[in-house]
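For the protein sequence lines, the chains are A and B, in the order given. The numbering of the first sequence is my numbering, which starts it at 108 and goes up by one. The numbering of the second sequence is my numbering, which starts it at 463 and goes up by one.
A portion of the hints provided could be inaccurate.
Output of the computed footprint for chain A on chain B, the stretches with three or more beta carbons under 8 Å from beta carbons of chain A [claimed, not checked]:
no., segment
1, 473-486
2, 492-504
Straight-line C-alpha distance at most 30 Å; calculated DSS-like pairs for lysine-lysine [unchecked claim]:
no., chain 1, residue 1, chain 2, residue 2
3, A, Lys147, B, Lys593
4, B, Lys479, A, Lys111
5, B, Lys607, A, Lys147
6, B, Lys477, A, Lys111
7, B, Lys624, A, Lys147
No lab work stands behind these hints: they were computed from the structure. All of these numbers come straight from a predicted model, not from anything done at the bench. Backbone N, C-alpha and C fix where the C-beta goes; we use that ideal spot for every residue, glycine too.
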Amino acid sequence: MFKKFQGLLFSSAAITLMFVANIAVSPYCWFITYEPDMPKSLQR
Amino acid sequence: MQQLSKTLAVILGEKLKADQEQIEIFAYSLEVLLGTVLEIFSIIFLAFLMNIEATTTVCLLVFSSIRFFGGGVHSSTYLKCLFTGNILLLSLGKLATLPISQGLLNSMCLFALLLGIYALIRWIPAGTEKKVITDEPTRLKQKKKVSLLLVFWFVATGLFLKYQVDAYALAIILGIMSSLFLISPLGYGAIKTLDKSINKFLILFFGKEVKIDV
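All chains should be modelled from the sequences, with the hints used to inform the complete structure.
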């Protein structure tokens with residue numbers, strides 16, 4: 108039960124991070140912060 | 463921040479048996495996300511301490527919304543960005559609480575409107591060294607989004623002016639003007655100069671440029 112919940116939690120975190128990365132590489136400017144170097148896989 | 467993001471990304475990658483490319487994307491995303499949360503949290507926290515939380519929050523909302531669609535200059539490191547963002551938004555939040563005549567407020571509103579129109583035609587969306595938007599249809603789309611946003615903020619300013627809530631009206635105008643300034647070539651020049659000045663200051667005090675990652 109706990110393992111299933113943990114798996115769901117990590118998957119949700121991964122989906123959220125992919126979503127944020129997708130916005131960060133789009134024409135949108137991610138608010139006011141410093142812009143880190145884009146990973147090569149996202150530059151393609 | 464970079465190191466923390468990498469560590470968290472590796473942990474998440476191991477749990478999900480992700481490949482190297484996915485871990486890199488997790489790290490990049492975490493860096494963006496943590497940096498944003500830290501900066502917003504520090505601005506709001508300091509604004510609370512200075513008792514200017516309402517006007518600073520309005521400035522932050524206006525500033526970040528225009529910046530999200532319109533782009534603008536970034537500092538070269540996290541620390542400089544954190545420092546610049548805090549100083550800028552707290553100063554604007556404080557300025558917005560000061561008493562101001564109706565005539566000056568109306569003039570500033572008109573100036574912000576004209577600057578907005580000029581920025582839309584000439585500069586928006588503003589790119590950076592790491593991300594330049596050259597595709598014309600995409601540029602046009604971003605211009606439309608920023609123009610809608612500006613209309614929304616000017617209507618809000620009008621309402622605040624009508625009901626004589628001058629502090630919020632001024633906070634919106636200052637938020638618009640500051641985000642447009644950082645989109646303009648003058649803003650790019652100012653941040654570049656500030657970057658150089660901070661470097662000189664660090665060299666003067668530490669004998670070398672200190673690369674501090676927050």
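Now for the hints, and whether the structure bears them out:
1. 473-486: holds (count 7)
2. 492-504: As far as the segment 492-504 of chain B goes, the hint holds, because 8 residues have Cβ atoms under 8 Å from chain A.
3. A:Lys147 to B:Lys593: Holds. Lys147 of chain A to Lys593 of chain B sits at ~13 Å (cutoff 30 Å).
4. B:Lys479 to A:Lys111: Satisfied, since the Cα-Cα distance of roughly 15 Å is no more than 30 Å.
5. B:Lys607 to A:Lys147: holds, 29 Å
6. B:Lys477 to A:Lys111: holds, 12 Å
7. B:Lys624 to A:Lys147: violated, 51 Å
Of the numbered hints given earlier, the model fails hint 7 alone.
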